[in-house]
Amino acid sequence: MSSQSWTGRARRATLEKFKPEDLLPEEQPAYVASWVYVFGVATIAALVMLIASGLVLTLNGPAWWHTSSVGHYVNSVHLWSVELFFVFMVVHLWGKFWMAAWRGRRLATWITGVVAFMASIMTAFTGYLIQTNFDSQWIASEAKDGFNSMGIGAYFNALNTGQAILLHVSLLPLALGGIVAWHIILVRRKGVVPPIDNDVTIEGSSK
Amino acid sequence: MMKVDPAKKWSGPMRPYDLVKEIVVAIVVIGLLACGLAALFSSPDEKAVTLKSWVTAAPADFAQVATGELAGTTGSAGYGAPYNTAAKGQHFGFIKLQDWAGVRIPINPANSFVVEPLLISNDATAIAAVNTWKAATADQRGKWANAYEGALTKAGDKTTLPDPNNSFGPVPAMIDGLSMMAASGALDGALLTSDSTLPTNFTKPMLFLADSDGYFGALATKQHLGGDQWGVMNETGSWPGQSWLWLFSFWYQIDPFKSSDNADTIIMLIMALLTLALMFLPLLPIIRRIPYKIPVHRLIWRNWYRSPASKQ
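Residue numbers (my numbering), protein chains in the order written: chain E, -2 to 204; chain R, 1076 to 1387.
Hints in this document: simulated from the structure, not taken from any laboratory.
A portion of the hints provided could be inaccurate.
[As the list claims (entries may be wrong)] Below are the EDC-like pairs computed for lysine to aspartate or glutamate, each with C-alpha atoms no more than 20 Å apart in a straight line:
| # | chain 1 | residue 1 | chain 2 | residue 2 |
| --- | --- | --- | --- | --- |
| 1 | E | LYS187 | E | GLU24 |
| 2 | R | LYS1096 | E | GLU13 |
| 3 | R | LYS1084 | E | GLU24 |
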């Protein structure tokens, strides 16, 4: 039965757009063989570590890590995961720039990647705000001036630790997770962009 | 050389690939790396400061700043939106976002940081002084507070001064009372709980603390966190901070930004513009051609370009 129901439309717009072998492939184009490709999956792996260590930190509250050696270690894992996450993400971004990875109607993939980068920066920033130590106090006191100067300081008040905690553990990770998922789905759906010298749409690139 | 349309599904040679294995291996390797780095280098945790630690470590600075709150000369007192109407705030040309947003978190530093906390203290002398303060005209209050602030600044490291000419009015008694309240820890609680009995919002004590260059600002400078020390991307100690904010931090190091009264607005607008440029980079005429002109892609795909399959 051909359905105009919302459910039918949703199915056709999502599930029926994908073949299982595109979502979970067992082979890739022969050109997908470079260390640059490692940094995309490394970013996701670091994100998994961030979420895992972050979830452990949530179990005992934001001040736990100041008084527990285990908590301090988990906080350290969280910190180093975020450092690795950004290193991998930036290398991935640069790699995709030099590959001109937006070719072949992949503009949305590029844009979702940049939005994920920005969402990551905001998520990390709120994480720094909720350290409940001197660093977080100083960052909050400085950052408030930036947000106030843009007229948004009353809505995102860097001095309101409770607001920063909730943003860091709920809204921002959800937004980041959603945009990363969208980004990955676009990569799987569009496939990995072919090499520039093989691109028929680029004049003079094959020499 | 093989030619393909990048918008179409690849129909050339393929190679074996195991997506699930790749992600599992990546999580294990990155997980071990993160755990190893955490074990080796740990993470910084410089203890938070309080109004109590401030008055204990730098009592003269506390007295000067508290008097400045009464005189209306501190950063908070002259801030503008969203706290008060003392200034128009930062702007860029006709763009006055801070002023347009209006007062959304009303705070009168003299009342919020000094007068109201003293009124809930058990210090009869300080409460009597506050009542004298409240009964006076705004002009008289200004004269007292400015005179005492000037005298304290001139005296340097004094926390209280005699008033032989009776020019300070009730201000010395108020500041003495507030200093004692802060030393006991009661002022931290008073500012924190003034709006909620179970608070998570540190706006009032943090604004007061942030008015102190001599203590709070000095601690930050010692930890190389100052705005002109690349502080936006630094961390306490020698740990890496938010290094991804390097470009944001960069603008604060150079003129005309670092000496501008509107630096925050201008830099935030620049970064917003650059973010949009990065987002829509594939549509920017010259920049989107760079990867074709500077062939880093030859390095990235060197194995593929060497293979016979790429030339078919």
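Checking each numbered hint in turn, tell me which of them this model violates, lowest number first. 2
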